[in-house]
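**Student:** Going down the list, the sequences are from chains A and B. For the first sequence, the positions run 346 to 740 when my numbering is used. For the second sequence, the positions run 46 to 320 when my numbering is used.
In short, the hints are calculated from the structure, not lab data. Please note: incorrect hints may appear among the correct ones.
[As the list claims (entries may be wrong)] Facing chain A, according to a computed beta carbon distance under 7 angstroms, are these residues of chain B, among others:
id, residue
1, Val-66
2, Leu-100
3, Leu-155
4, Leu-292
As the structure is a prediction and not an experimental result, all values here were calculated from the model. Positions of the beta carbon are idealized from the N, C-alpha and C atoms, including for glycine.
Here's the letter readout for the chains.
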Amino acid sequence: MGRALSLVRLFGRNGALVAPLLILLLLAFAVPVGMMLTRGVTEQELPETWPRTAAALQAWDGQGLPSDTVARTTAEEMVAARRGGTLNRVANRLNYDIVGSRTLIFSTAARLAGGTRITGLADLTAIDPRWGERETWAALRHASGATTSFYLWASLDRRVDPDGAVVGVPREQAVFVGIFLRTFKISAVVALFCILLGYPVAYLLATLKPRIANPLLILVLLPFWTSTLVRTTAWVVLLQTNGVVNGAVQWLGLSDRPLPLLYSRGGVYIAMVHVLLPFFILPLYGVMRRVPSDTARAARSLGANPLTAFVRVYLPQTMPGVIAGAVIVFTLALGYYVTPALVGGGADQMISASIAFYTNQSLNWGMAAALSILLVAPLGAVLLAGRAVSGWRPI
Amino acid sequence: MRAPFASPGQRVARAALIAFVALVLGFLLLPILAVIPMSFNPTTFLVFPETGLSLRWYRALIDSPDWSRAFRNSLAIASTVTLIATPLGTLAAIGIVRMRSPARPILVALLGAPMVVPVVVVAIAFYFLFAPLGLTNSFAGMVIAHSVLAAPFVVVVVAASLHGFDISLLRAGSSLGASPFMVLRRVLLPLIAPGVLAGAVFAFMTSFDETVVALFIAGPTQRTLPIQMFEGVREQISPAITAAATLLIIASTLLLGSAELLRRRAERLGAQRPE
Chain A
346 MGRALSLVRL FGRNGALVAP LLILLLLAFA VPVGMMLTRG VTEQELPETW PRTAAALQAW
406 DGQGLPSDTV ARTTAEEMVA ARRGGTLNRV ANRLNYDIVG SRTLIFSTAA RLAGGTRITG
466 LADLTAIDPR WGERETWAAL RHASGATTSF YLWASLDRRV DPDGAVVGVP REQAVFVGIF
526 LRTFKISAVV ALFCILLGYP VAYLLATLKP RIANPLLILV LLPFWTSTLV RTTAWVVLLQ
586 TNGVVNGAVQ WLGLSDRPLP LLYSRGGVYI AMVHVLLPFF ILPLYGVMRR VPSDTARAAR
646 SLGANPLTAF VRVYLPQTMP GVIAGAVIVF TLALGYYVTP ALVGGGADQM ISASIAFYTN
706 QSLNWGMAAA LSILLVAPLG AVLLAGRAVS GWRPI
Chain B
46 MRAPFASPGQ RVARAALIAF VALVLGFLLL PILAVIPMSF NPTTFLVFPE TGLSLRWYRA
106 LIDSPDWSRA FRNSLAIAST VTLIATPLGT LAAIGIVRMR SPARPILVAL LGAPMVVPVV
166 VVAIAFYFLF APLGLTNSFA GMVIAHSVLA APFVVVVVAA SLHGFDISLL RAGSSLGASP
226 FMVLRRVLLP LIAPGVLAGA VFAFMTSFDE TVVALFIAGP TQRTLPIQMF EGVREQISPA
286 ITAAATLLII ASTLLLGSAE LLRRRAERLG AQRPE
């Protein structure tokens, strides 16, 4: 009751009106998103499946090899996990760190279940020599803590070696930095194209008489109203090998055979600019409508030529709109899934596709969460910076 | 910025600007319009120009149990979402516009977050939340997830229609003896009704068009129209897809067009009030 009263004091009586939606968003949005992102920095598999082994390995200093007691605990919990059907979790987690650990865990567990007695580390090493390597135990120890930087480093193509130093992963496994850079590059290029194409449109619409500008504005709003999926579908149909665009290209004699437009970077740029351009034009138009036209005229009357008046007087006044629009387009592009998934080729997938892959196919949720953290963090920074620079407020 | 006595150079610049804008507007509009004639194609291949007119692919949509079930699912989910998100979003918008508390910016950030957090991230969060609760592959799960995504749009649209709303009207209602609920129902809601209706349409379309969350959490029995289309485009593009796209274009144009008119009407009503 006391807490409820202090909430009333904090939000005022209007808080009661906001409360129902607030509770829904807290329970069904903020908490789950927070919990999901936490998976990127916490270990779940080993501490939950082999709690005693995890505790024992945390107590081990990481030098040399663990004691015979630790080896016995590990063997006991391995047998228990095999019986309980949870061995898979540990085996998968270890395999993220050292490829091949899956078979090590399963074959060892099978031998132990066959009745092999373990009195110390030497008995485990007799089953598989990898149990005698410090690297194996160091990986187990890494996976035993409550928190972990493992997934975040892996998202940056790095890993922590047995001595605790951060090293790069082998080149053939180093994919994520490339995907991140590609995602940021595609988003930046899309935002740039939206500025170049959208600024003149917003400018013309804002300077025309409303009687002419309003019908033209509908031409911008119509694509805005049409769903992303429908517009992406339209581009898939148009950009096909025997689609309309290729037909036009050949009819005009620009090329004598169909161009590979679909599943190419060019196709991704075209479709994404098409989908996101209204998100740039509309906020900029809103800002331009409020720029008084007298200021540029005043500059002209003071002797400035049209270009100077535009660059020195009009452009600076419209910059908040440009920044707001560019920030919206850039941040929406960063997280785009549908358009790159349908129009992009295998080599043009953005980070959202990797997140979806780790969630649905490989079921490596720690990795999906870490990639999400590295996607959301720069996005938040861009939004806050854009807000600070442009003074733009969505509500 | 148009000078009444433009020099020839300025006239050329103006003509170039108009030509450029015409090209950009064509780029925005033509791809959407191009889909429509293709859906009336009588052949199995998507050829352009047309070889004839036929409603064959619309027939195929109606006859296909997959497509008609997807349509029914989308309709049921989006209607339920509208019924949940509209009242919640409207109340929150009224509260947030009137609020002068230091906690307001935090509330605004939280209410706006579902619109900016990448939808893939939100989809996975729903997946992790719903899986242990048995809400994946369920109607309830889809409705909750889509309500979370739709409600912030209602807040934005209704809040816009509330700007400039004369708060003294509410005080007048109270001073004449009306209860707060009565004031809300008889004074405030009728005045902002266009804004609320526009918010409801936005909520409906947000759910009806939503693809990514549905791909992650919907089971075979909740397949929506966007999922059906997404997988159709991914596997092989049949002309039936262009027929479905055409129907969606018509639906969203009509619905959101009317919402836009309502929203403007609401803003005009607000703006006309003397300060």
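**Student:** Next, verify each hint and record whether it holds.
**Tutor:** Structure-based check of each hint:
| no. | hint | result |
| --- | --- | --- |
| 1 | Val-66 | holds, 5 angstroms |
| 2 | Leu-100 | violated, 19 angstroms |
| 3 | Leu-155 | holds, 6 angstroms |
| 4 | Leu-292 | violated, 10 angstroms |
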